[in-house]
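4 protein chains.
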Amino acid sequence: MAKKINIAMLGTGFMGKAHSNGWLKVAKFFDVPYEPVFKVVFGRNKAVTDAFAARWGYESSTQDWKEVMARDDVDIVCIVTTTNMHKEMVLEAAKHGKAIFCEKPIGLSYQEASEMAEAVKKAGVLNYLNHNYRRVPAVAYAKKLIDEGKLGTIYHWRGAYLQDWIMSPDFPLTWHLQKETANAGPLWDLGSHSVDLAQFLVGDISAVTAINKTFITERPLPGSGAAAFAAGKSESSGKGKVTVDDASFMVAEFANGALGSFENSRFSGGRKNYNNFEIYGSKGSITFNNERMNELQFLNREEDPDIQGFKDIMITESTHPYAGAWWAPGHIIGYEHPFIHAMADFLNALKDGKPINPNMEDGKKIMQVLDAALKSNEEGRKVALSEIK
Amino acid sequence: MAKKINIAMLGTGFMGKAHSNGWLKVAKFFDVPYEPVFKVVFGRNKAVTDAFAARWGYESSTQDWKEVMARDDVDIVCIVTTTNMHKEMVLEAAKHGKAIFCEKPIGLSYQEASEMAEAVKKAGVLNYLNHNYRRVPAVAYAKKLIDEGKLGTIYHWRGAYLQDWIMSPDFPLTWHLQKETANAGPLWDLGSHSVDLAQFLVGDISAVTAINKTFITERPLPGSGAAAFAAGKSESSGKGKVTVDDASFMVAEFANGALGSFENSRFSGGRKNYNNFEIYGSKGSITFNNERMNELQFLNREEDPDIQGFKDIMITESTHPYAGAWWAPGHIIGYEHPFIHAMADFLNALKDGKPINPNMEDGKKIMQVLDAALKSNEEGRKVALSEIK
Amino acid sequence: MAKKINIAMLGTGFMGKAHSNGWLKVAKFFDVPYEPVFKVVFGRNKAVTDAFAARWGYESSTQDWKEVMARDDVDIVCIVTTTNMHKEMVLEAAKHGKAIFCEKPIGLSYQEASEMAEAVKKAGVLNYLNHNYRRVPAVAYAKKLIDEGKLGTIYHWRGAYLQDWIMSPDFPLTWHLQKETANAGPLWDLGSHSVDLAQFLVGDISAVTAINKTFITERPLPGSGAAAFAAGKSESSGKGKVTVDDASFMVAEFANGALGSFENSRFSGGRKNYNNFEIYGSKGSITFNNERMNELQFLNREEDPDIQGFKDIMITESTHPYAGAWWAPGHIIGYEHPFIHAMADFLNALKDGKPINPNMEDGKKIMQVLDAALKSNEEGRKVALSEIK
Amino acid sequence: MAKKINIAMLGTGFMGKAHSNGWLKVAKFFDVPYEPVFKVVFGRNKAVTDAFAARWGYESSTQDWKEVMARDDVDIVCIVTTTNMHKEMVLEAAKHGKAIFCEKPIGLSYQEASEMAEAVKKAGVLNYLNHNYRRVPAVAYAKKLIDEGKLGTIYHWRGAYLQDWIMSPDFPLTWHLQKETANAGPLWDLGSHSVDLAQFLVGDISAVTAINKTFITERPLPGSGAAAFAAGKSESSGKGKVTVDDASFMVAEFANGALGSFENSRFSGGRKNYNNFEIYGSKGSITFNNERMNELQFLNREEDPDIQGFKDIMITESTHPYAGAWWAPGHIIGYEHPFIHAMADFLNALKDGKPINPNMEDGKKIMQVLDAALKSNEEGRKVALSEIK
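Protein chains in written order, with our numbering: chain F, 9 to 397; chain U, 9 to 397; chain H, 9 to 397; chain A, 9 to 397.
With the rest of the complex left out, here is chain F (with noise of 0.2 Å):
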């Protein structure tokens, strides 16, 4: 049997049982050299944690994220808390040599990034970002086609990251939509996915001009509205400032010369979890959309232009990226399996003392950019990555 190895989950949300759910399995489907335990789960309230503990198994629950980072029993750490709280915990369980595995995005502004980069260099932990995007079969084999120079020189990236959650007035004011919990909105939470499938398939960025709006820009407090709304009425007794984006468009120039979109919304109606991008090359292109993540489209421009056409490939065989850990051709996997792909890279790379992508550097590189769109969109000019410092 493999050896044990000791989880501790900050947080308990969303992301706290995507994560869980990858611990869990990682070591059913991968041969991995460690047995995940689930040690410790940390979270702010109480009944809410004990439960989350008790259902998934973890031996113990917090509300002291500090002590967690203490405790010898530690191995990983898994950070899936509000993002305002990501530097703080990652310097934390640096200083305490723990490996990191941490939600995206790395953090509110190129500045913490920075920080936190350094603090793992220093400290020589192993440290992932999950951009978990990255370990889509079918984006792994986007990377592949890449490397192998199928796509040529490239041209354009496309990217279109559009969901529609919040497009109701009566959507409360969650942290989400705060600038000191997010810094930004959608320009955040889905721009820094994009960027970093940007920068992992086509390159480094170079420069942006950006514009972003904010359509609903005041909407009921948490406390108020937000049970109304919960409740299904509309009425809202106390209402608070919008100070993010609801949407970003921005273009991108390519170190490499490439020309770049990024569209990051909320206010697409009909879009649920679109990621989709789009990459022109001078002997190929190719597509994807995350809401059919098991299928990657490519076109062969080296094929008789009579018979060229974008081509649906299912990418469930087994000699696909990740896919032979899972079922059998046609049969498709989920959101939550790139997860577990990144936990078995994760795990491998911490027995073989080897780095993993992203981690804390690439995500400071995101943070460049998205600064710049910010700044891009303030001044209302194109920004060169090399102003924000």
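Just to be clear, a hint being listed does not mean it is correct.
Heads up, the list lumps identical chains together, so a pair's fine if it works in one copy or across two of them.
Calculated cross-link-like contacts (lysine-lysine; reagent style DSS-like; alpha-carbon spacing at most 30 Å) [to be verified]:
| # | residue 1 | residue 2 |
| --- | --- | --- |
| 1 | Lys291 | Lys362 |
| 2 | Lys103 | Lys383 |
| 3 | Lys12 | Lys47 |
| 4 | Lys397 | Lys291 |
| 5 | Lys74 | Lys12 |
| 6 | Lys130 | Lys373 |
| 7 | Lys221 | Lys151 |
Keep in mind that the hints were calculated from the coordinates and are not lab data.
Model the placement of chains U, H and A on the given structure of chain F, informed by the hints.
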């Protein structure tokens, strides 16, 4: 905490993995009355079975399935062996009063299915036949639409279940390709699913006319050519006769007057697990493709003709059947999840002392259709279901 | 300038319009040896026919079709009347040595078609049967791929021709719904197209088994309910019996061993002119949907399995069949254009003294399949084509 | 019979063919007040122009376009020359009181367009600028839905007009690639269409930020390399500098608060005439792809969330805009048909003495946006439309 309930797994192949994964997860995502415990796993090969037990955490491992059935500490038996073992196992399980969770197809004939249905009825045990596609949220939602009358009078079922995994002549003569162990080819393996869905969604079938074909009549024996095939070579010393269909196409009449088609094939290049159906009614139409199982297409004929069209509904809202247990809108689930839906329903049925569908009785009805198809093919004529006894 | 050639149009309905449009355009877009002249149009209703002549520029208008056939100044007769008139007209045209451009289906039976084929053969006149879909560029390109061996051995034809225009019970009892004038419903109207395509692309059919259904057995008489229907009312004093099928589903064996299906229906809500087919072979697969007639899907099984997928090829390159005569890549053509392709081929065949396909002989073979389908439905058994004489 | 009206065609290329086809057909399919007569065609090359006249039936052929404008027997002038000729021709046509049917883009700059709009206004002549996509039935229907309020408040326009015809470095330096004759690349050619559609469907644009790229900066001169290219060789003795963009990506603010994107490229492999847009509003969403121009996707956010989805509406019903003039539901039309719709509207406007859109005034507004995009690219900043005078 929920009461513990003991699971015995009979089989360690693809389905052993799919079922174990399901029992592992069901109590994490659904509020079920019991918490599954991995008690014992049966497999013919000791080394394989022991490794399976170790990976999944089964307390014990055995090569004697009858002993499993007789154990007092087993509550639920999961039958995931080859089809020709189902009858004997179900009869033994019923004898010992076990709750039965059985893979499809139910067995080799209407005759076998009748014995099985009789046995579980007599024993009064909970029994479930795993035609998993009924619990794909999109299919369950289609059922809801139909039950609400959204399709009106149904005129057509068009079912196609297409795969391509045995198209190479070098694919060996496995148990799937022999009458003794599988009775038929895609007619049985895939057709049983399609017929189950059709009878679930449209109603009972009353008569069929079918033609079967075997395109590759001889294949390398598993011992000889199989190894060659696995090794990527095509030489094959010994060959044996394929005794099942490679494809079976059927037209069917439903008791309610609808006209249907069933096309089952393992020779449809590019179709991996293409379980596709279309239903046309006086008030609406539905289409579904399992390779995009998170989506359902619906056309509402009661809308203004100007604005009618097939609507692609992403079945991932918290209000859709089963979907609320998982992630968020647009965050898709995969092949493995409907198994877990069945397990949740199974545990609740067990608690409540109520039946669950599909079960042995439903399996019997499926077999009646498939036996009629075989007879139709052999006799070159339309066969009424009433002829199958 | 090209030599002038005189056209007689027999019929002024939907098809009169489609054919006139074709002759108007053919010499503008194709280098044809003759320039069509609109000589005379025949129609039963004088006012309608005169108006048609005026709009399209026919030199004269008549209610006597036999007179048209006898005219010396008519070179080509375009037969676009109801199906039950085809035989008599073709025989008369052949007698007078006219080149014949005839709408499908050829006639009401294999017997009629045999007489027609015999007559044109004896007269030695150029004759064409307008199964227009053969000359959709995507279909012609599919034929090219098949002829080049890109599909290898063909295992399956899956044809579905679905419409929904008579689903309302208020739709009146037009000539399409009566055995005397149409012989059958979608089996004849739509099935003749599908069978033509299947025999063109896959090969000869050898046996069929079919079930037909009539869902709405009585309809308002055209004189009474029809007016009500047109006026948007549903009252209908007089009713008559529908004597043809509303849907016909068929399984077919091909002489080369392939297994096929044909599903023809006018009760498939949302399907407007859904002439869809799929062909699966040992080396490749093809799918086509006429509602997106500028595209063809092709999967190449000889590629590395990792990168196989259905390719959506836009058939608008100048190198694709017929496409070079039109616009530019990605600038699509529509329903009317394949008629013009047939006319260009027809004029060239006339000049060269060569035959063109499909013709009366092909029509005869189509009728043999459809007659077998009718017999199969009536007798509840599989019918070999050799039984139809 | 309708009164005859005389057409002069200025240009014999791709657009000469498309326009001639339109005038040939308009009175056959629409009840228009005039019947077009092919009076005269102008072209620079006598042999080519004479052949064009013979093929299409123009009564005369000339190399002197000013003479055409001065002729008393010309009623309508069709301007289909290179863009740099438009201004001079429109001014001359206006001077002579001709009705003007002019291809897009209107001209080379906002300055030119202003002069043209002023001239036609002063002359009081009917003038139309052929942004043909407005009259694609699906686009006209989208406009209807928006005008009826079905989209509510519009938040986003996402426009992409992508092609790939100049991706080969061997493609020669034609007039499209030179600033003198085309002013810009896809920004002008494709972007003018997108901007027209956006302002038609969403509203006026108020500010833009754009980045342009030229990927291949030198190309073979038409005299040298072009011949080589046409001959399938890649040698190219003489080369010249490309002085326009190969791609232009832009973010735009609309006066009504919407945020939009425009992505125009000739370097998007596999995209042939991919004029694609998406519009997101508070009550609904729309998507359109011109390569499937007979379809429109609509999502209605006012439906129950359970059953919301993008509906693929086939815009071929007789009640859809323009569609009733053609064939039958599901029988699609193509690239050429919207030209004919414009001609029908143009003839009716001429009869009624009413304006038609888009016209020179609309063209002026389009140019303002495109000039702002050029300025934004040059100055690396967001440019307000009010800056362009």
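TODO: Have a look at Lys74 and Lys12 and pick one of within, between, both or neither, based on CA distance no larger than 30 Å.
DONE: Classified as within: same-chain Cα gap 23 Å, cross-chain 35 Å, threshold 30 Å.
Open item on the list: Cα distance capped at 30 Å. Does Lys397 pair with Lys291 within a copy, between copies, both, or neither?
Closed with: neither (36 Å within a copy, 42 Å between copies)
Open item on the list: At most 30 Å between CA atoms: does that hold for Lys221 and Lys151 within a copy, between copies, both, or neither?
Closed with: Between copies only: 24 Å across chains, 32 Å inside a chain, cut-off 30 Å.
Open item on the list: Please sort Lys103 with Lys383 into within, between, both or neither, judging by C-alpha distance up to 30 Å.
Closed with: So Lys103 and Lys383 fail the 30 Å test inside a copy (33 Å) and across (51 Å) alike.
Task: Status of Lys47 relative to Lys12 across identical chains (alpha carbons, at most 30 Å) - done: both (11 Å within a copy, 22 Å between copies)
TODO: Up to 30 Å between alpha-carbons, please classify Lys291 paired with Lys362: within, between, both or neither.
DONE: neither (34 Å within a copy, 44 Å between copies)
TODO: Go through the copies and call it for Lys130 and Lys373: within, between, both or neither, with a Cα cutoff of 30 Å.
DONE: Classified as within: same-chain Cα gap 18 Å, cross-chain 58 Å, threshold 30 Å.
Checked against the numbered hints above, the structure violates hints 1, 2 and 4; every other hint is satisfied.
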